[in-house]
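Protein chains: 2
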Amino acid sequence: MDKFMERAVELAVKNVQEGGQPYGAVIVKDGKIVAEGVNTLHKTFDVSGHAELLAIRELQQEVKSDDLSAYTMYASGRPCEMCQTAMYFAGLTDIYYCQTLEEAIEAGFPEDSCMTKEDLEHLQQSMKQLPLGTDMTNPLKLWAHLHLK
Amino acid sequence: MDKFMERAVELAVKNVQEGGQPYGAVIVKDGKIVAEGVNTLHKTFDVSGHAELLAIRELQQEVKSDDLSAYTMYASGRPCEMCQTAMYFAGLTDIYYCQTLEEAIEAGFPEDSCMTKEDLEHLQQSMKQLPLGTDMTNPLKLWAHLHLK
Numbered sequence: 000m001d002k003f004m005e006r007a008v009e010l011a012v013k014n015v016q017e018g019g020q021p022y023g024a025v026i027v028k029d030g031k032i033v034a035e036g037v038n039t040l041h042k043t044f045d046v047s048g049h050a051e052l053l054a055i056r057e058l059q060q061e062v063k064s065d066d067l068s069a070y071t072m073y074a075s076g077r078p079c080e081m082c083q084t085a086m087y088f089a090g091l092t093d094i095y096y097c098q099t100l101e102e103a104i105e106a107g108f109p110e111d112s113c114m115t116k117e118d119l120e121h122l123q124q125s126m127k128q129l130p131l132g133t134d135m136t137n138p139l140k141l142w143a144h145l146h147l148k
Numbered sequence: 000m001d002k003f004m005e006r007a008v009e010l011a012v013k014n015v016q017e018g019g020q021p022y023g024a025v026i027v028k029d030g031k032i033v034a035e036g037v038n039t040l041h042k043t044f045d046v047s048g049h050a051e052l053l054a055i056r057e058l059q060q061e062v063k064s065d066d067l068s069a070y071t072m073y074a075s076g077r078p079c080e081m082c083q084t085a086m087y088f089a090g091l092t093d094i095y096y097c098q099t100l101e102e103a104i105e106a107g108f109p110e111d112s113c114m115t116k117e118d119l120e121h122l123q124q125s126m127k128q129l130p131l132g133t134d135m136t137n138p139l140k141l142w143a144h145l146h147l148k
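As you go down the protein sequences, you meet chains A and B in turn.
Take 0 as the starting number for the first sequence in numbering that gives the first Met the number 0 and just add one per residue.
Take 0 as the starting number for the second sequence in numbering that gives the first Met the number 0 and just add one per residue.
Only chain A is shown next, with the shape it has when bound in the complex (with noise of 0.2 angstroms):
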């Protein structure tokens, strides 16, 4: 197995010991890990605990910048949409993982914490939008006066 997954594994199963949930993540460029994170939901009330997020966090703060495109994550669990999202934005998209989602489902992970992709889809369908009040000042359009001359 690659080393940097080997790693990745590594820290979920140590974070398992620890008490926590089974998941880590190592960020890596030329051939060096230079970013780790667990998953902390076992010690903090903070729904964006994951390990890749985390370890996007911590990159981005160290390098003094939001773009993560030289760079490739390797997750020991397949990112959830708020880690893809993430990556998405950090334009970090050399993305490997080990375990999948049918794998913890099948391990026996509590429902409510794995989400389908119907499970996505339910919630999207469920927002509902209010229009912006016809006097209030639009949010967007006063970013893109200040912004785009």
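Mixed in with the good hints, there may be bad ones.
Put simply, identical chains are the same to the list, so a pair is met inside one copy or across any two.
[As the list claims (entries may be wrong)] Straight-line distance between alpha carbons at most 25 angstroms, and here's what the computed DSS-like set of lysine-lysine pairs gives:
no., residue 1, residue 2
1, Lys13, Lys148
2, Lys31, Lys13
3, Lys13, Lys42
4, Lys127, Lys116
5, Lys2, Lys31
6, Lys63, Lys31
7, Lys127, Lys31
8, Lys127, Lys140
9, Lys140, Lys2
10, Lys127, Lys13
11, Lys2, Lys28
Derived from the structure by calculation, the hints contain no laboratory data.
Computed from a predicted structure; not experimentally measured.
Fit chain B to the given chain A structure using the hints.
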């Protein structure tokens, strides 16, 4: 217009005036605003600095719970999939938004700061799976062994 959405839009306008992106969010319970957030991408290198996610994190830490199912989200812009997924995991399903992704693109927002359904699908299709080595501890099964007796 709904007073809670008015506040979310007001936060977005204020954030633009302070150099930020046009996104604000408030979380409501029992007719009261209990958390607010604005997009902080202009201030910190942190891809997760979206209005909705920051409001969620603030509230989870305040109420010391991951479960926000009793709350309602008002976001000035349509929540991205990162924030949608965070809401799903937090059990937050009562969601209102004002401005659409199409409005953002029409206003001239940079393409890579918006993510379409196709962008997400493309990223998902490009993710590569590496199976677990037979000699390695399986993190998911270890978790199940410890937690599902």
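- [ ] Against the structure, test the hints numbered earlier, and report the numbers of the ones violated in rising order.
- [x] Of the numbered hints given earlier, the structure breaks none, since each of them holds.
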